[in-house]
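Trainee: Here's the letter readout for the chains.
There are 2 protein chains.
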Amino acid sequence: MSTPLRLGIAGLGTVGTGVVKIVRQKANLLAARTGRPIEITAVSARTRDKDRGVTLSSYAWEDDPVALATRDDVDVFVELMGGSDGPAKAATEAAIGAGKHVVTANKAMLAMHGNTLAQAAEAADVALRFEAAVAGGIPVIKALTEGLAGNDITRVMGVMNGTCNYILTRMQSAGLPYEDVFEEANQLGYLEADPQLDVGGIDAGHKLALLSAIAFGTRVDFDGVELEGIGQITIADINHAADMGFRIKLLGVAQMTGRGLEQRMSPCLVPKNSPLGQLEGGTNMVVIEGDQVEQIVMRGPGAGMGPTASAVMGDVTDIARGFRVSTFGVPANQLEAAAPARAVTPAPYYLRMSLDDKPGALAKVATVLGKAGVSIDRMRQYRHDDSTAPVLIVTHKTTRAALDEALDEMTRLDVMATQPVALRIESV
Amino acid sequence: MSTPLRLGIAGLGTVGTGVVKIVRQKANLLAARTGRPIEITAVSARTRDKDRGVTLSSYAWEDDPVALATRDDVDVFVELMGGSDGPAKAATEAAIGAGKHVVTANKAMLAMHGNTLAQAAEAADVALRFEAAVAGGIPVIKALTEGLAGNDITRVMGVMNGTCNYILTRMQSAGLPYEDVFEEANQLGYLEADPQLDVGGIDAGHKLALLSAIAFGTRVDFDGVELEGIGQITIADINHAADMGFRIKLLGVAQMTGRGLEQRMSPCLVPKNSPLGQLEGGTNMVVIEGDQVEQIVMRGPGAGMGPTASAVMGDVTDIARGFRVSTFGVPANQLEAAAPARAVTPAPYYLRMSLDDKPGALAKVATVLGKAGVSIDRMRQYRHDDSTAPVLIVTHKTTRAALDEALDEMTRLDVMATQPVALRIESV
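These protein sequence lines map, in sequence, to chains R and L.
Under my numbering, the first residue of the first sequence is numbered 1, with each subsequent residue one higher.
Under my numbering, the first residue of the second sequence is numbered 429, with each subsequent residue one higher.
In case anyone wonders, no lab produced these hints; they're calculated from the structure.
Every value quoted in this text rests on a predicted model; they were computed, and no experiment measured them.
All residues carry an ideal CB built from backbone N, CA and C; glycine is no exception.
Take the hints with a grain of salt, since some may be wrong.
As the list claims (entries may be wrong) - Partial chain L-side listing against chain R, Cβ under 10 Å, derived:
no.: 1; residue: 450
no.: 2; residue: 551
no.: 3; residue: 729
Said to hold, decoys possible - Straight-line alpha carbon distances no greater than 16 Å define the calculated EDC-like cross-link-like pairs of lysine to aspartate or glutamate that follow:
no.: 4; chain 1: L; residue 1: 799; chain 2: L; residue 2: 764
no.: 5; chain 1: R; residue 1: 371; chain 2: R; residue 2: 409
no.: 6; chain 1: L; residue 1: 454; chain 2: R; residue 2: 152
no.: 7; chain 1: R; residue 1: 89; chain 2: R; residue 2: 64
no.: 8; chain 1: R; residue 1: 26; chain 2: L; residue 2: 719
no.: 9; chain 1: R; residue 1: 364; chain 2: R; residue 2: 336
no.: 10; chain 1: L; residue 1: 786; chain 2: L; residue 2: 813
no.: 11; chain 1: L; residue 1: 799; chain 2: L; residue 2: 833
no.: 12; chain 1: L; residue 1: 454; chain 2: R; residue 2: 291
no.: 13; chain 1: L; residue 1: 792; chain 2: L; residue 2: 833
no.: 14; chain 1: L; residue 1: 700; chain 2: R; residue 2: 280
no.: 15; chain 1: L; residue 1: 786; chain 2: L; residue 2: 842
no.: 16; chain 1: R; residue 1: 364; chain 2: R; residue 2: 409
no.: 17; chain 1: L; residue 1: 792; chain 2: L; residue 2: 837
no.: 18; chain 1: R; residue 1: 371; chain 2: R; residue 2: 336
no.: 19; chain 1: R; residue 1: 272; chain 2: L; residue 2: 836
no.: 20; chain 1: R; residue 1: 21; chain 2: L; residue 2: 719
no.: 21; chain 1: L; residue 1: 449; chain 2: L; residue 2: 479
no.: 22; chain 1: L; residue 1: 449; chain 2: R; residue 2: 291
no.: 23; chain 1: R; residue 1: 364; chain 2: R; residue 2: 289
no.: 24; chain 1: L; residue 1: 700; chain 2: L; residue 2: 671
no.: 25; chain 1: R; residue 1: 21; chain 2: L; residue 2: 833
no.: 26; chain 1: L; residue 1: 792; chain 2: L; residue 2: 842
no.: 27; chain 1: R; residue 1: 26; chain 2: L; residue 2: 580
no.: 28; chain 1: L; residue 1: 449; chain 2: R; residue 2: 405
no.: 29; chain 1: R; residue 1: 364; chain 2: R; residue 2: 405
Same shape as in the complex, but just chain R:
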């Protein structure tokens, strides 16, 4: 098998440049591993004349990614442009239509259009792979789809946005408020152009939607992900959580329940001695639980040139070796349309509120919780100098529905100085 596998790469930012470097520098290694040469025949990017630190002159240039995707001398279209629609989607569709395999790092595109793209790819009998789209360099899609194929997956969890984890761990280590660390992250270039993609949990939510499709054999359902960002987390929350033995993480959790597929991406408390609790900075972690394998934890860099290019090359080498697996682990037309279940799995919650310093304020809150069936495990009222009293409550296990009923009722009390904040305590 010595026919070369010919790549056409669209998008020459950090990741695209990283892929070019690997293909150029590791030709022998890749050929030994896959049994055939891997070559780049053509590239495309928005600007041609830009020093990217790699020589591109031996590759054909296309201004139009659709033209690149459909070239006769391209076997695999490597889509590294990004964006859920526009050129990325057009070129991906064109590539599939022209019978090319596709490797992409585009979580937004797959979160939005993964079902139809996977169906198109399978109808055209080409591969559509996306290891780099989820958790950077961690080969988690491969682990779920292939290595753990003998399992019924019971739960998938992940910290999959390095920027959010950087912000939360930096708030803790430096004792700085959210706004300051957010600005710091911005200066460091860690934030997307639209920061809500990061701190609003959208980027991580895209990744969770892809993981849960694979884990549970369900259609990609990004709309079914309950999203909550980290903007409301205060340094006080982080310190209170630490006092109780927890860390706060933007945690994605997907599990199949009797009432449908539960997908949540929200700040949660996790035990500080757990692998998730100990995750610092921009590193990603995915936890996979299966009925056979119990629990597998995978940890690694969630972004960056080398790690993301490594994931792209994992897909490319699989294609070179002739591996073919359905995009989401089972054929796209067999993916189930699971009903979205809104946080039906009960859990304890952490509640932070400020009460007006009036007699009976706490009693009113406790009464509201009791009426909704939410029982209190621990409660603390902190010393305070002004007219509002900070109060922390940890509940026993409750459903989010019961809790929301209580929270809703509380806002109608005349003693709430601010909107209460509720964070789930996830057992990991």
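Mind docking chain L on chain R? Use the hints.
Mentor: Only chain L this time, still in chain R's reference frame:
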């Protein structure tokens, strides 16, 4: 593609029974994932009449695993008997000779005969897969061989013997001496019939030899693994290490050096806040470092019915899907014969010794170290009531060769009450 894939399973202990259960219980899931039915046609074990909690009556029975391996109605020979030679090897060779794929959990057989078996399998154009042989349920072979195929691997490390990690962490948590916890582990059935396989590091060394072959594209070289067991570790070592911020782990490390392939399986000190340092009980962990991906950490159960059967099924489903990858990631006849390098990578070391309580004893030790070019980072002499003084030394980075020279010289001093113990401090 609806031709069934037919398994012949030899060995119906814990793992074999687990595989039978998965194939029986998950027929639809496996067919959806692989595109074809997976069936068991025949089984073999030492005793036929034994209640294993699964129905075997629908499968043909073979007393002889060689007969099983060569049956016309078997496509994949699943070898779960164990043992480096004897029936396991004979049946594996017979299966390959008969053109059957082989899936095995047999680390000893592959550590001893992996090169020739892989060559035979590749000559016969059949798969020889062994995910279950290394780190139980963790899909680490797949990650190294496939997911990270775009990397030059720079170092692989692993805690891969759950029994040793159980003993070491239990010594620490219960404050019990090695002998007591060893006996406890024995009572719990955690130890192999020959306990040296566990506590002598042999079992973990087998796994390391397999991992390093894959990581570096080298011939399996178990003889090149420097083996050191945990029998010399005292509760005092564990406590001293903890005082300095470390944990002691039976850690395998493989890395390619300018002077050959370094493979070590030995008790090491690792920072207690690192993922390796935080690993408790029987859980396994593998750390993979690559030039692109930086560092990937994988953690999961190292043994047990479900986890090991999960790994076996990962290989089986790959074969069902038609995936074919060389046993050690590159064709067996391209694996390099790397010279074994004995611990050439410098590191700091922890030294524990007992000196006779005589004036000048410590000076003599320090002089010997200095002469060998080993410089001292920290030193502590502990209070003592008898005639020997416990002394701890942490060296600056040194080669093992220089250290051994010093240790050798020390034994000739007239002040050493016991043989010194030297443990490497691995940077992780």
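Trainee: Holds or violated: residue 454 of chain L with residue 291 of chain R, Cα cutoff 16 Å?
Mentor: 11 Å, holds
Trainee: Take a quick look at whether residue 21 of chain R and residue 833 of chain L sit within 16 Å of each other, Cα to Cα.
Mentor: Roughly 44 Å separates the two Cα atoms, so the pair is violated.
Trainee: Check whether the Cα positions of residue 26 of chain R and residue 580 of chain L lie no farther apart than 16 Å.
Mentor: Holds. Residue 26 of chain R to residue 580 of chain L sits at ~8 Å (cutoff 16 Å).
Trainee: Holds or violated: are the alpha carbons of residue 449 of chain L and residue 405 of chain R at most 16 Å from each other?
Mentor: 44 Å, violated
Trainee: Does the structure keep residue 799 of chain L and residue 833 of chain L at a Cα separation of 16 Å or less?
Mentor: Status holds; Cα separation ~9 Å.
Trainee: Taking 16 Å as the top limit, are the C-alpha atoms of residue 700 of chain L and residue 280 of chain R close enough?
Mentor: The given pair, whose Cα atoms are some 15 Å apart, holds under the 16 Å limit.
Trainee: When you check the alpha-carbon spacing of residue 786 of chain L and residue 813 of chain L, does it fall within 16 Å?
Mentor: 14 Å, holds
Trainee: Would the pair residue 371 of chain R and residue 336 of chain R pass a check requiring their Cα atoms to be no farther apart than 16 Å?
Mentor: 38 Å, violated
Trainee: Between residue 786 of chain L and residue 842 of chain L, does the CA-CA distance stay at or below 16 Å?
Mentor: 10 Å, holds
Trainee: For the pair supplied as a hint, residue 89 of chain R and residue 64 of chain R, confirm whether the alpha-carbon distance does not exceed 16 Å.
Mentor: Measuring from Cα to Cα gives roughly 13 Å; hence the hint holds.
Trainee: Do the alpha carbons of residue 700 of chain L and residue 671 of chain L lie within 16 Å of each other, as the hint requires?
Mentor: 10 Å, holds
Trainee: Closer than 10 Å between Cβ atoms is the bar; does residue 551 of chain L clear it against chain R? Give me holds or violated.
Mentor: 15 Å, violated
Consistency with the previously given hints fails for numbers 2, 4, 9, 18, 19, 23, 25, 28, ordered from lowest to highest.
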